[in-house]
Amino acid sequence: MQITRKMVGIAVGVMTIGFVSGCSTPKVSSHNQVQPDEQIIAGGMGSSDIRTMASKMCPSILSLPEVANSSDVTRIAISPMKNSSRFIIDMNIFMKKLRLDLSRYSQGQVRFFSQKNGTKTRTTLLKNRREQLVDEALNQLADQIVQLPMVTNESEPITVAVLPVLNVNFVNMNANSFTAMLRSKVAERSGGKILFALPGSSIKTDYLLTGQFIADGMKQEGIVNLVDYIGLMEDRMKKGESLDLYDQSSSSVSGTNCGIQVNSLTDLGIIEPSLFRQLQASAGLRSEPNVTKRLSVMLVDAKKELAVFEKMIVVEQKITDGTQNADFVLSGEISGLSKRQGSQQSDYLLMTMQLTDPLSNEILWEDGYEVKRASVSGTVYQ
Amino acid sequence: MKQLIMFFCAAGLLLSGCHSVYNAESTSGKDLAREGSAVVVRPDRYVIFGTRSMNDYLEVVYEEFLQNDAGLATVKIGARNKGGEHWWNRKGRDFTMYAQAVFYRQSVAGTTSRSAPLYSTNKQPVTLPLGKVSDMMFMCPVQGAGGYQIIFSEN
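Just so you know, the sequences run in chain order A and B.
Take 6 as the starting number for the first sequence in my numbering and just add one per residue.
Take 211 as the starting number for the second sequence in my numbering and just add one per residue.
Hints listed in this document are in silico derivations from the structure and should not be mistaken for laboratory results.
Glycine included, C-beta positions come from ideal geometry on N, C-alpha and C.
Fair warning: there could be bad hints in the mix.
Partial pick of chain B residues on the chain A-facing surface, computed with a CB cut under 8 Å [said to hold, decoys possible]:
#1 Phe217
#2 Leu282
#3 Val312
#4 Gln316
Between beta-carbon pairs, the in silico distance windows are [to be verified]:
#5 A:Arg91 x B:His229: 54 to 60 Å
#6 A:Ser340 x B:Gly239: 48 to 54 Å
#7 A:Ile324 x B:Ser325: 46 to 52 Å
#8 A:Ser340 x B:Gly246: 22 to 28 Å
Bound conformation, chain A alone (with noise of 0.2 Å):
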């Protein structure tokens, strides 16, 4: 009987535990999965904090008037942020969350530029379409060439002789393949009515076919004047020299004796080989440039040495992040105030974010937030 009564006193024991601990959260997750918003270790901003500063801010930035308001979609170049705080931090991650949560919320009303991601594959996807480009280009010019009037008019076949295309720049760019393409081209769609001097001919010909190879914004660039230049080839043809302009092995490019007036790096370039050569060796010379690269074909009567046709394509166009369509800039900056008192520390941190106009430089919209942590030991991010 005893046995019977001290068993019930245990399974109501038993059973009153088991009410109490009823009402506590029953811990489900066995895998060491924590929240985004949960602190775990103290010190220094954290997730919670990212994501708190995005979900305020997000609405903020829509509720602009210039946003909410364009009828336009609104796009924001990113700025990287700044770090004044003693927390080394991937800085990226806020500007992330931040953009995340735009790009999600404002149902296309605001975009971003891709300013760092997949740039060789859009490098490479712009390359092989600028080739079809260029093409295409090319099939105008030689379409435009074939139905000029001293084309058309004449009873007799026109005879040009291509001259090298004068490549203004000390890029590593092979200008004239776009000439012999084009020659090409024309000689196809005239029907016997344009004849081409073999290239290095000395032959008279009616009209010389060239042009200028210009490369915008570069800063190593001279410029030739093109008639000095055509007489330089003829000259050249003549003797049977090289029609490089930069062969040195040539008597004629020597300085004024050539006739070409260049300046700067381009006249340094031919009068001094060293130069030259440390020009040649140069990495920066020796790369693809990117900048757009336009050529300007000319056809030139060759008697009177004047161009009586004239048409600048784009062969290259510079392949940009696209930022200079930004109607606003995002920047930030982390600011901290750390203070340490033996194994004591708190840290202040404040974090500011702008949407700047680019040509006004004025500031649109700023917010901040702001946190305070106190620690006992270092906080290191990794």
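With chain A held as given, fit chain B onto it using these hints.
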């Protein structure tokens, strides 16, 4: 008696593994209707003596729901740590809680059914020193929010 208890224990263990899935319990409409626009999540555990629930210390001083010029819903809420009001704890304590705003298309207060939320903020940490009012503001970046619920929790 001993054998009987052992039998029930063994039977209970066996029966508990009879089904692989169970129906998830639905919240009753009555329970939902009781919920207001600001709710406090039950504490992570109860103690036999005293309380750990911050609901005993928390009071909502003001609550505003408005739409800004861009048509985005905004909730402003002030929560005060009023301190201890029990015989076993008259002083109260400072505490940190989390506040999360969930926005809905329609008001949820007093309704027996609920639609999926339009947007919910993260759980934002709020420090409440004794006697202080913490002013919070939550904005919904998605247009069309007509209702909300603020959820206060300890973690």
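Now the hints, each set against the structure:
With its C-beta approaching chain A no nearer than about 14 Å, Phe217 (chain B) sits outside the 8 Å limit, and its interface hint is violated. At its closest, the beta carbon of Leu282 (chain B) sits 5 Å from a beta carbon of chain A; the interface hint therefore holds under the 8 Å criterion. Because the smallest distance between the Cβ of Val312 (chain B) and any Cβ of chain A comes to about 12 Å, over 8 Å, the interface hint for this residue is violated. For the restraint placing Gln316 (chain B) at the interface with chain A, the shortest Cβ-Cβ distance is roughly 19 Å, beyond the 8 Å limit, so the hint is violated.
Range check, Arg91 (chain A) to His229 (chain B): about 56 Å between beta-carbon atoms, so the 54 to 60 Å window is met. Between Ser340 (chain A) and Gly239 (chain B) the Cβ separation comes to about 51 Å, which falls inside the hinted range of 48 to 54 Å. Roughly 47 Å separates the CB atoms of Ile324 (chain A) and Ser325 (chain B), a value that falls within the hinted 46 to 52 Å. Against the hinted window of 22 to 28 Å, the Cβ-Cβ separation of Ser340 (chain A) and Gly246 (chain B) comes to about 40 Å, which falls outside the hint.
In summary, the structure is inconsistent with hints 1, 3, 4 and 8 from the numbered list given earlier, while agreeing with the others.
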